[in-house]
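Trainee: Work out the full structure, taking the sequences as your base and the hints as a guide.
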Amino acid sequence: FTKATMVFTPLKNIFGGNKKDDKKMAGKVPESVLKKQATQAKIADQAKQASYEAKQKKRQDKKDAIAAAEKYAAEYKAADDAAIANRREAKAQGGFYVPAQPKVALIIRIRGTIGVSPKAKKIMQLFRLRQIHNASFVKLNESTVRMLRLIEPYVTYGYPSRSTIEKLILKRGFGKLNKQRIPIADNSVIEEGVGSVGIKCCADLIHEICTVGPHFKEANNFLWPFKLTSPRGGFSNKTKLVHFLEGGEAGNRGEEINKLVKRMI
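To convert, note that position 158 of the sequence shown is 158 in the numbering used here; the numbers rise steadily by one, no gaps.
Think of the hints as simulated: they come from the structure by calculation, not from any bench. Some hints here could point you the wrong way.
[What the hints assert, rightly or not] Below are the DSSO-like pairs computed for lysine-lysine, each with C-alpha atoms no more than 30 Å apart in a straight line: (1) 179 / 227; (2) 119 / 77; (3) 259 / 167; (4) 200 / 55; (5) 259 / 240; (6) 62 / 35; (7) 119 / 139; (8) 103 / 119; (9) 171 / 77; (10) 167 / 217; (11) 91 / 103; (12) 77 / 63; (13) 139 / 200; (14) 122 / 179; (15) 48 / 71; (16) 200 / 227; (17) 55 / 71; (18) 238 / 63; (19) 176 / 55; (20) 58 / 200; (21) 63 / 122; (22) 139 / 176; (23) 176 / 58; (24) 121 / 217; (25) 176 / 122; (26) 62 / 167.
[As the list claims (entries may be wrong)] So the derived label-pair ranges between C-beta atoms look like this: (27) 243 / 113: 14 to 24 Å; (28) 217 / 69: 19 to 29 Å; (29) 101 / 237: 27 to 37 Å; (30) 66 / 192: 17 to 27 Å; (31) 230 / 122: 42 to 52 Å; (32) 51 / 73: 29 to 39 Å; (33) 61 / 247: 43 to 53 Å; (34) 122 / 56: 21 to 31 Å; (35) 59 / 91: 45 to 55 Å; (36) 28 / 180: 48 to 58 Å; (37) 259 / 152: 16 to 26 Å; (38) 243 / 263: 12 to 22 Å.
All C-beta atoms in this analysis are idealised placements derived from N, C-alpha and C, irrespective of residue type, glycine included.
Mentor: Structure, rendered in structure tokens:
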């Protein structure tokens, strides 16, 4: 009995004495788990902060876009009122009011690639008119007017109104980002493309094209050439190759380009 007691006592000490140590070991968290938890918490905080800043930026950008649109609307209205006042004053004095020459033209390609001379093909490539019914804006100066006369049999062009430019950009507008054709579905696309020159919303882009501002080149290069459809009612095969002044479709058609664009959007 004494031997059994002597044997039993050490066993009791072994199993009974390690219970506290087991509890201490169970309460400890591995260092790797603690580091992982801290990293995940840091990432979650950064994501939350980034989300908050993005929401604030989006809210501020919306306010800026609305303010820019209102400013441009007031500017357009003042210009229209001034033109009406000048026209009335000239009429009262028995004269005529001659408005300023247009600064921008809209070119639409109406013929394909068959039978195009190399020089005309090169000019249309410079104007980014590589496909039939492609359209693009061009700043009018002596050199571009001379180039337009060389490609008159293959294109039709004219002077777009402000509403036509706005409809083209809003309905058929695509931007060029990283050499890719991206639809302008949000102001963020415009800001990413030409935000470096101060064009951050659609109103800024339309204003820059309409007024041929200092950053017209950047704005026009950002816009992908418009891909229009065949006009409702179509072109006549007999008059398509004839100049517009002779009853055809090609060449300069002045402000009548707005009616054609309306049929092709």
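Trainee: What hint numbers does the structure not satisfy?
Mentor: Of the numbered hints, 2, 6, 15, 18, 21, 31, 34 do not hold.
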